[in-house]
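Please arrange chain B on chain A, whose structure you already have, making use of the hints.
Chains A and B are the protein sequences, given in the same order. Residues 1 to 314 in this note's numbering are what the first sequence spells out, letter by letter. Residues 1 to 314 in this note's numbering are what the second sequence spells out, letter by letter.
These are calculated hints, taken from the structure and not from any lab test. From the three backbone atoms N, C-alpha and C, an ideal C-beta is built for every residue, glycine too. Just to be clear, a hint being listed does not mean it is correct.
[What the hints assert, rightly or not] Straight-line C-alpha distance at most 25 angstroms; calculated PhoX-like pairs for lysine-lysine:
hint, chain 1, residue 1, chain 2, residue 2
1, B, Lys90, A, Lys104
2, B, Lys255, A, Lys255
3, B, Lys90, B, Lys2
4, A, Lys90, B, Lys132
5, A, Lys2, A, Lys104
[Unchecked claim] Which chain B residues face chain A? A few, computed with CB under 8 angstroms, are given here:
hint, residue
6, Lys90
7, Arg93
8, Leu122
9, Glu125
10, Tyr143
11, Val211
Next come the chains, spelled out residue by residue.
2 protein chains.
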Amino acid sequence: MKKIALAIHGGAGTILRATMTSELEREYRSGLENALNVGWDVLSRGGSSLDAVEATVCALEEFPLFNAGRGSVFTHEGKNEMDASIMDGKTNRAGAIAFVRNVKNPIRLARLVMEKTPHILLAAEGANEFAKQMAVEFAPDEYFFTEHRWKQLQDAIADGRVRLDHADDRRSEIANRKSLGTVGAVACDQEGNLAAATSTGGMTNKKFGRVGDTALIGAGTFAENETCAVSCTGHGEYFIIGVTAYDVAARIKYKGLDLERAANETLERLTETGGDGGFIAVDAEGNIVMPFNCDGMYRGYRTEDAQVVKIYRD
Amino acid sequence: MKKIALAIHGGAGTILRATMTSELEREYRSGLENALNVGWDVLSRGGSSLDAVEATVCALEEFPLFNAGRGSVFTHEGKNEMDASIMDGKTNRAGAIAFVRNVKNPIRLARLVMEKTPHILLAAEGANEFAKQMAVEFAPDEYFFTEHRWKQLQDAIADGRVRLDHADDRRSEIANRKSLGTVGAVACDQEGNLAAATSTGGMTNKKFGRVGDTALIGAGTFAENETCAVSCTGHGEYFIIGVTAYDVAARIKYKGLDLERAANETLERLTETGGDGGFIAVDAEGNIVMPFNCDGMYRGYRTEDAQVVKIYRD
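Isolated chain A (complex conformation) (with noise of 0.2 angstroms):
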């Protein structure tokens, strides 16, 4: 029997102690720990990493302080969008989802995908019709709104942020906005098996049905029992020119390095190509690393041994 072990995040991105009350810190604490805990429930019941990571990711989509399912960002017309991806490192099958909206849990219809259709990947109009013909649980446009999310449109849309004609002076900014709640979770059950999921709301003032890494297998999301699940989080577009998450895994298969070094090695090829953000992996031994780049990322691990649950860089 292997060991098991559950990560997650919530995020990566400009999160400092000066700009976070008490209360909020404890907020987010709460949901972290509360995620973990779904996750090891299935998990420590002899559940699979499939199964853990699907619930872990509805946990966390489900708490309104991370930017995905409610709580979700606001696109530029007003509207909650969302894409989640889902892999079973045990037989390499995938699924994603891109644009869904009103979905209560993005990440169960990413699983759909994957095990109901020949495809990876739907998008926008035609995903939500198979969320329609799954009969997925719905709820309506207030389920996801939070003040907090509109108050950062209404910020963006005055400021003029991601505006598609204005390119790389606005890089860093965008990055900053989008990046504060994408949530994911990888997990290796007792017979080794690896799965990543990841699931986000986008970008506040999102224009042009712009695609992020979350959507894309080998960019936020991958999972292999033989190397690595891995899922990322942070300036999307970065992490799909690096295939950031199969980069990892492609570092242990081909390179033969340990999980850390190949994490480590990844997260500097970001580092250096300007990306921010950071990523959970999890290996068949039940090794975790969570290695970001920018002041904070949202994160948390259980193993047989200790739960930790941390938000800022030391």
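Chain B only, in chain A's frame:
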């Protein structure tokens, strides 16, 4: 000055001499030769690999027998929805679009995403809105319409192919329909800069907003000067879970393989996982590979020494 090199494909799949007329074969060959000439013109005048792959893919998109641009397959609703992606190996920047309609050259729009936005992938309504804002060349439905693709849709609807409630047993059939015609180009220019571009009309009778590998950097398209430029064609879902285009690059970077060995290993892995198709790739020394694991692949290359156009395995 580096050796310039250009390779192209027009899709891989069940392409048998027995089902091909000599007239049709001549047409295909002339379409491939014309595209090679267009790209070679750019490279031989000292142009960049990025300009060369864009111009080459435009020529392939305008050729009605391939499933990209003019000649794209029809979705279930009788529409042409197109995906494309492009990557610059020198800068590691990339652009991609999914589900665009009535855009004459989707690959040009992908390049505009790369150059005019801070994003990588734009999809659906937003991508179409972006196309309007960029004032790219549009064409009416009649331009994209081809009799043989319309007939394919009617046949597919009659057979109930690409039904999402029917998974594995349909996979190979879907592969056969989809794989005939995605186009792509890879090039190495005089400065040793690499680029890759891929474009497709997607899958006949496609529903539910399925996104294939062509729109996805790392899966269907990848370019990096230090390793190689790759453009894939085949059953897209397998290229997504295998992160196929980037996998070739990773085997070069992390295993120290040359292009040919890396490409062979990646193709082997694709075959092991059950994926049909192939890819073209070039490195900064001007080496070219064009491996595939199905009956045929419309393909060709040009170097200082040779121009080759092939369809079948032998």
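25 angstroms Cα cutoff - pair A/Lys90, B/Lys132: Roughly 44 angstroms between the alpha carbons, so the hint for A/Lys90 and B/Lys132 is violated.
A/Lys2 paired with A/Lys104 [C-alpha distance capped at 25 angstroms]: With a Cα-Cα distance of about 33 angstroms, the restraint between A/Lys2 and A/Lys104 is violated, given a limit of 25 angstroms.
25 angstroms Cα cutoff - pair B/Lys90, A/Lys104: Violated, because 42 angstroms separates the two Cα atoms, which is more than 25 angstroms.
Interface hint for B/Glu125, Cβ within 8 angstroms of any Cβ on chain A: With Cβ-Cβ at 6 angstroms, under 8 angstroms, it holds.
Hinted contact B/Arg93 with chain A - closest CB pair below 8 angstroms: holds (7 angstroms)
25 angstroms Cα cutoff - pair B/Lys255, A/Lys255: Distance ~6 angstroms between B/Lys255 and A/Lys255 Cα, so the pair holds.
Agreement of hint B/Tyr143 with chain A interface, Cβ distance less than 8 angstroms: violated (23 angstroms)
Restraint status (C-alpha distance of B/Lys90 to B/Lys2 at most 25 angstroms): holds (14 angstroms)
Per-residue hint verdict: B/Leu122, partner chain A, C-beta under 8 angstroms: Nearest chain A Cβ about 5 angstroms off; hint holds.
Restraint outcome when B/Val211 is required to lie within 8 angstroms of chain A by C-beta distance: Constraint on B/Val211 satisfied, holds at 4 angstroms.
Hint status (Cβ of B/Lys90 to nearest Cβ of chain A, threshold 8 angstroms): violated (13 angstroms)
Violation of the numbered hints given earlier is confined to hints 1, 4, 5, 6 and 10; the remaining hints are satisfied by the structure.
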